[in-house]
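> Generate the whole structure from the sequences, applying the supplied hints.
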Amino acid sequence: MMSASVARRTFATPVLLGLLLIAFALVAVAVGSKPFNQTIIDIFLKVIFVVGLWVFVGNSGVISFGHIAFACLGGYVAAWTTIKPMMKGMSMPGLPDWLMQTEIPYWGSAIVAAGWAALWALIFGSVLMRLSGIAASIATFAMLAMVNSIYSNWESVTAATSSVVGIPIIRSIWPYLVAALISVFAAWAYGISRHGLALRAARDEPTAAAACGINIPRARLIAFVISGAIMGMGGALYSHSIGIVTPDTYYLGLTFITLSMLVVGGMGSLSGAVLGVLILSTLIQTLRWLEAGVQVGETTIALPGGVQEIALGVVMILILMFRPAGIMGNKDLSLPKRAALETKGPKSPRT
Amino acid sequence: MSLLALSNVSVRYGRLTAVRQVTFSLAEGEILFITGPNGAGKSSLLRAIAGVTPPSGGRIDFADHDITGRAPEDIARLGLSMVPEGRDVFGSLSIEENLMVGTGMHSATRGWKARAATELEAVYATFPILKDRRHSQAGLLSGGQQQMLVIGRALMTNPRLVAIDEPSLGLAPNITDQVYERLIALRAMRKLTLLIVEQSSTRAMMVGGRMMLMRGGEILLDGDARALGQSEAMQAAYFGYGEH
Chain A
1 MMSASVARRT
11 FATPVLLGLL
21 LIAFALVAVA
31 VGSKPFNQTI
41 IDIFLKVIFV
51 VGLWVFVGNS
61 GVISFGHIAF
71 ACLGGYVAAW
81 TTIKPMMKGM
91 SMPGLPDWLM
101 QTEIPYWGSA
111 IVAAGWAALW
121 ALIFGSVLMR
131 LSGIAASIAT
141 FAMLAMVNSI
151 YSNWESVTAA
161 TSSVVGIPII
171 RSIWPYLVAA
181 LISVFAAWAY
191 GISRHGLALR
201 AARDEPTAAA
211 ACGINIPRAR
221 LIAFVISGAI
231 MGMGGALYSH
241 SIGIVTPDTY
251 YLGLTFITLS
261 MLVVGGMGSL
271 SGAVLGVLIL
281 STLIQTLRWL
291 EAGVQVGETT
301 IALPGGVQEI
311 ALGVVMILIL
321 MFRPAGIMGN
331 KDLSLPKRAA
341 LETKGPKSPR
351 T
Chain B
1 MSLLALSNVS
11 VRYGRLTAVR
21 QVTFSLAEGE
31 ILFITGPNGA
41 GKSSLLRAIA
51 GVTPPSGGRI
61 DFADHDITGR
71 APEDIARLGL
81 SMVPEGRDVF
91 GSLSIEENLM
101 VGTGMHSATR
111 GWKARAATEL
121 EAVYATFPIL
131 KDRRHSQAGL
141 LSGGQQQMLV
151 IGRALMTNPR
161 LVAIDEPSLG
171 LAPNITDQVY
181 ERLIALRAMR
191 KLTLLIVEQS
201 STRAMMVGGR
211 MMLMRGGEIL
221 LDGDARALGQ
231 SEAMQAAYFG
241 YGEH
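These protein sequence lines are chains A and B, in that order. Residue 125 in our numbering sits at position 125 of the first sequence; the count goes up by one each step and never skips. Residue 20 in our numbering sits at position 20 of the second sequence; the count goes up by one each step and never skips.
Honestly, the hints are just simulated from the structure, not real lab data. Any given hint could be a false lead.
[To be verified] In silico DMTMM-like pairs for lysine to aspartate or glutamate, Cα to Cα no more than 25 Å straight-line:
hint: 1; chain 1: A; residue 1: K84; chain 2: A; residue 2: D97
hint: 2; chain 1: B; residue 1: K113; chain 2: A; residue 2: D204
hint: 3; chain 1: B; residue 1: K131; chain 2: A; residue 2: D204
hint: 4; chain 1: B; residue 1: K191; chain 2: B; residue 2: E85
hint: 5; chain 1: A; residue 1: K84; chain 2: A; residue 2: E103
hint: 6; chain 1: B; residue 1: K113; chain 2: B; residue 2: D74
Every value quoted in this text rests on a predicted model; they were computed, and no experiment measured them.
In structure tokens:
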């Protein structure tokens with residue numbers, strides 16, 4: 001099987017993952033159906049979210065329940081900056097004048113959203129990153145709840161719990177593909193940087209890492225801000241994919257599906273994050289089709305409703321039982337040729 | 001001029017006092033063994049020096065800086081590298097990544113990458129086994145290899161003082177011999193100052209240098225390792241007869 005040289009980081013990893021995403025996009029083009037197109041867009045958005053989550057969770061080992069809050073911040077940036085001024089005046093009358101008059105293209109809103117979410121990640125993170133383990137996880141969850149309740153109640157600028165409509169809908173898959181590719185490459189670059197290395201060292205042995213000169217809260221904060229930016233960008237694009245935004249779009253449902261994808265894929269590696277999304281999304285979609293019914297000759301065979309959720313639960317239990325580190329474990333995709341060369345080297349105790 | 005100076009350093013965990021008003025200084029280039037039975041406060045003292053457990057009283061100076069209560073990462077930056085007890089390698093990282101982790105702290109200075117590469121080659125020259133397995137996962141190494149890796153990691157930042165907590169813990173005697181052989185060679189090569197905590201004083205007597213004996217959080221004896229080893233005071237301190 002694979003050699004023990006797990007930690008070798010190669011440029012092949014993001015390239016292979018990128019090619020995989022491009023393959024999904026090409027399938028969507030080949031099929032050419034509108035609902036299928038939307039499915040693929042949804043997969044790309046999940047890739048952005050889960051990769052954003054991985055940058056922090058995967059490298060720091062601290063589970064965050066709060067990252068969807070940054071997607072929420074990003075989602076509303078899209079509403080604030082791209083809806084026509086007239087419509088904004090009706091749904092969100094409390095916006096400051098300059099923001100009311102702002103109308104920028106979708107990609108502009110994605111960039112602003114990334115910056116806005118990064119700013120809040122810096123503010124929240126400066127406090128939260130001093131915590132470790134379960135205390136940090138609970139605090140991130142509190143952050144999610146806080147953002148959600150502010151956005152659910154600040155009626156004049158967020159329209160509270162009612163949907164904000166009028167966000168330009170982008171139906172082409174390419175912007176989403178590009179954003180997913182940017183996320184994958186950014187996450188990879190962070191992972192191989194000295195900041196990523198420092199954070200993984202702190203995850204393995206905090207005392208030894210501090211003795212190596214690593215300021216752990218700062219190393220965590222860097223990851224938190226980068227992952228916040230990716231989540232913010234994803235949040236804005238999510239708004240553009242459906243055209244409306246409500247606070248509950250970015251709440252518990254999205255939090256748990258993205259975390260499950262990360263756990264199933266394996267949070268130890270970037271490949272795990274991406275493959276977790278692709279595998280679980282494909283499974284969910286297949287089950288949806290089967291529930292809707294498949295024509296075989298004259299008869300329609302359909303699974304009873306609810307099988308989708310049950311099957312998903314079973315898959316997760318099986319993976320946690322037999323591969324607790326996720327499908328990829330801590331391994332990253334790399335070119336098979338180099339892996340083969342590596343195994344010819346000194347023998348390792350585990351294969 | 002001493003490189004490290006402690007005056008009246010105490011370490012307390014709640015109501016328990018692990019180190020009582022310890023005072024000593026260490027000159028550049030010296031090798032100092034801190035020995036003593038279980039619970040003597042050796043590791044607590046080392047952790048206080050490295051900043052892992054802040055001292056509850058006293059003052060610690062290192063390289064003309066007051067480091068009392070400073071964060072471990074700041075102390076490491078000043079050139080005091082600690083190798084914690086239990087050989088805690090970064091298990092999921094490769095050997096080479098383990099070695100490179102510490103070099104990031106000099107990233108603000110110019111040419112740190114070139115210096116890191118030079119240091120890496122130097123560490124590989126001292127521990128060739130690490131080079132052979134540079135891309136292997138560190139968590140899968142044997143105990144002796146892990147000990148060499150953490151010592152190598154401590155050297156990567158080009159420290160002035162390396163403080164090692166029980167390098168022989170859990171190692172076969174012949175592996176311990178190898179580890180010490182490298183340490184002594186390194187010390188000669190780099191003019192390193194070494195502070196080594198060991199439970200047994202046998203190793204200190206073999207290697208030579210200065211030895212301090214701790215018991216009950218206090219320093220009982222301080223002197224030349226070989227001379228102390230012969231003395232009766234030493235045995236009295238270890239086995240607890242006499243005035244204690």
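> Sort out whether D204/A lies within 25 Å of K131/B, counting only the CA atoms.
22 Å, holds
> For the pair supplied as a hint, K84/A and D97/A, confirm whether the alpha-carbon distance does not exceed 25 Å.
OK: K84/A and D97/A at ~13 Å, within 25 Å.
> Tell me if the straight-line CA distance from K113/B to D204/A falls inside 25 Å.
Roughly 24 Å separates the two Cα atoms, so the pair holds.
> Decide if the proposed pair is consistent with the structure: K191/B and E85/B, CA atoms, cutoff 25 Å inclusive.
23 Å, holds
> Is the hinted pair K113/B and D74/B satisfied, with a Cα-Cα distance of at most 25 Å?
Satisfied, since the Cα-Cα distance of roughly 20 Å is no more than 25 Å.
> Below or equal to 25 Å on CA atoms is what counts here, so check K84/A against E103/A.
7 Å, holds
No hint from the list above goes unmet by this structure.
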